[in-house]
Amino acid sequence: MNYFPDEVMEHVFDFVTSNLDRNAISLVCKSWYRIERFSRRRVFIGNCYAISPERLIARFPGVKSLTLKGKPHFADFNLVPHDWGGFVYPWIEALARSRVNLEELRLKRMLVTDDGLELISRSFVNFKSLVLVSCEGFTTDGLAAIAANCRFLRELDLQENEVDDHRGQWLNCFPESCTSLVSLNFACLKGDINSAALERLVARSPNLKSLRLSRAVPLDTLQKILVRAPQLVDLGVGSFSHDPDSETYNKLLTTIEKCKSMRSLSGFLEVAAYCLPAIHPICSSLTSLNLSYAPGIPGSELTKLIRRCRKLQRLWILDCIGDKGLGVVASSCRELQELRVFPSDPYGVGNAAVTEEGLVAISRGCPKLNSLLYFCQQMTNAALKIVAQNCPNFIRFRLCTLDPVKPDSSTNQPLDEGFGAIVQSCKGLRRLSLSGLLTDQVFNYIGMFAEQLEMLSIAFAGNSDKGMLYVLNGCKKIRKLEIRDSPFGNIALLRDVGKYETMRSLWMSSCDVTLGGCKTLAKKMPRLNVEIINEIDEMEACNDDGQKVEKMYLYRTLVGPRKDAPNYVWTL
Amino acid sequence: MLSSTEAADGSSGSDVTCMDTELTLGLPRDGGSKVAIAGAKRAYAGTVGLGLRSSIGKRSGDIEVDAAESCAASQVSGAGKVPGSKAQVVGWPPVRSFRKKTLEICKYVKVAVDGAPYLRKVDLQTYNSYDELLRALEGNYLEDSKVMDSAKGMEYVPTYEDNDGDWMLVGDVPWKMFAESCKRIRLMKGSDAAWFAPRTPKCRG
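So the sequence lines, in the order shown, correspond to chains S and V.
Residue numbers for the first sequence follow this note's numbering, so the first one is 1 and each next one is one higher.
Residue numbers for the second sequence follow this note's numbering, so the first one is 1 and each next one is one higher.
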């Protein structure tokens, strides 16, 4: 039933960029499905094991941008072995074989090898953008291949990857003809950098807008780079430590003043507090500031800086800023939307820590706050209720008490009521992480009120299966559920097995589900992969259905059990 | 491969035997909240320390209460060593390992000794007290005979540059505070050193 020729429909579909919408379009009729699939350019695959590269290419042969995610989120916290999976090489190989005209590849928590990077660099002529987040398995040799062979490279963005630095000259591998760079981020590299090569690269990249340097780049190199690239919008400083009386430092002061386009600052992987005033001139136009990798900056210097950043929308800092410092943030940064406060001292009691006071102050001063990650010494229900009232716009709310089961510090009660207030007030909440002493009641609230919730992280919480059931029954939009060290067992797991096909994945570790329960689930739901991670090869354990499962990860998939699982991962 | 729990603040003493048991449960000292105890097996009330090891092969459901009580007791008695008796739980607080490692690197500081031809670097993270650090510094420089010669008979005064760029005498503040704020170390001798009263630095914590 097409009133228009295909080309017209395709042109109309071009205006629809959201993949959710495009998915809906493709369900209307066969011809729309056909037209849409040939015109889809961006594909997002939240779990690389949910589909195979061959099927992806068969359906979307015109794909130009691919996003893939591998390991489950808890892999970030050492709960998943390194070689569990998430290998990207088969994807690259398949795309290369099918001559897909790939331009952009974005990977998160995947295992990337130098061979894979080299294959990318040789197979995709128009390759423009490589973004690797929390990946591992590659070295600077792979980066050298990308630099050398991708003639139209615009973006090389390495965020928090574990890279084996061979201290080679990978930066030298960018040919003189490469002038297309817009974004370069190598902050996570540990080895030495050829400063001269870096300066030359920046000099011939007139479109460079974003540059994030590693720790090895000293302040004098930074100064020379900024002279060449005053148009930078986003800067990650490597080392920011120098004799303040030197000529270099003075040059830096004048150079920074000329960087009128600067909106985002990060890095400071090595910083001397007395050098910070150098950035004061650009503070007033900053919208994003990340000082979370810079420990040892005294609160007084931090607040001097932050007072000037009146347009700040995103702030990432360490908890050594203290409650008082957060008070300064609250009074200075009225436009703040995202705040992350990381622990500077994860294992100690910490004199430097924030409490509920800091959060309450922020909620009073920053009504636009919609995204929070807050590691704190303590929390109270009363504070959370105030926060809920002041900031009803939360989309992401992640609270982490350093002691995972700490009760309300003033009443000694569980934090159920406080989190309950948050979910009730924040009707648009999509992501929630809980901590502190929590009973089944908090899950009752979540099931009742968190209608838009898509991702929920639970640790050391709840009393019984009821807790998990509240969530599974109530949260209609839940996609990712990750649970550790909580007393949820087979009853909760098996009550509504169909639910898991509406979700991306479920992680349960150190809970009460047994092998028998997992086997039952796997048998009932063939389109789920139910994986058990068992790091000791206990063949006998395989037969004891009553035994509790240490780590279970299940996810929906169209392609059955994966073939690349290591021998300690059993797909039931 | 799992990362094993690390003893809090390097205390090894009474906690070592506790860490040997796969799972211990510290019972609340003052009765705590009934709700909390009745519920989660692995939850614990209050701030009594809990040695949790995400163990290889062992069933985490086996709670050894007797061992737990003695563990709780010894942790209480060892409380002086373990400030706040915080539990060491795998993956808690949930901070990306990349971030943890990056913040750790900052603890390498340069050490300059007056008269020595080159500087050294020490990782402050590997020490837990002034004693340990000073002994290590002694060890480093005593090895070098050149330094020894010029140092014959001279006493060195350890000083350090802190966050604010000020030069301070080593030993005044608690170890942790020192480790966090120390940017570089200089072992001074001669007339400069005379300004600092030549005394043994207090060793705290």
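Hints listed in this document are in silico derivations from the structure and should not be mistaken for laboratory results.
Predicted, not measured: the structure shown is a model, and the values here were computed from it.
Where hints are given, some of them may not hold.
For lysine-lysine, the following DSS-like pairs were computed, each having C-alpha atoms within a straight-line distance of at most 25 Å [said to hold, decoys possible]:
(1) V/Lys-183 - S/Lys-304
(2) S/Lys-324 - V/Lys-176
(3) S/Lys-480 - V/Lys-183
(4) S/Lys-108 - V/Lys-121
(5) S/Lys-190 - V/Lys-189
(6) V/Lys-183 - S/Lys-108
(7) S/Lys-406 - V/Lys-100
We went through each hint and held it up to the structure:
{"no.": "1", "hint": "V/Lys-183 - S/Lys-304", "result": "21 Å, holds"}
{"no.": "2", "hint": "S/Lys-324 - V/Lys-176", "result": "22 Å, holds"}
{"no.": "3", "hint": "S/Lys-480 - V/Lys-183", "result": "43 Å, violated"}
{"no.": "4", "hint": "S/Lys-108 - V/Lys-121", "result": "35 Å, violated"}
{"no.": "5", "hint": "S/Lys-190 - V/Lys-189", "result": "35 Å, violated"}
{"no.": "6", "hint": "V/Lys-183 - S/Lys-108", "result": "35 Å, violated"}
{"no.": "7", "hint": "S/Lys-406 - V/Lys-100", "result": "23 Å, holds"}
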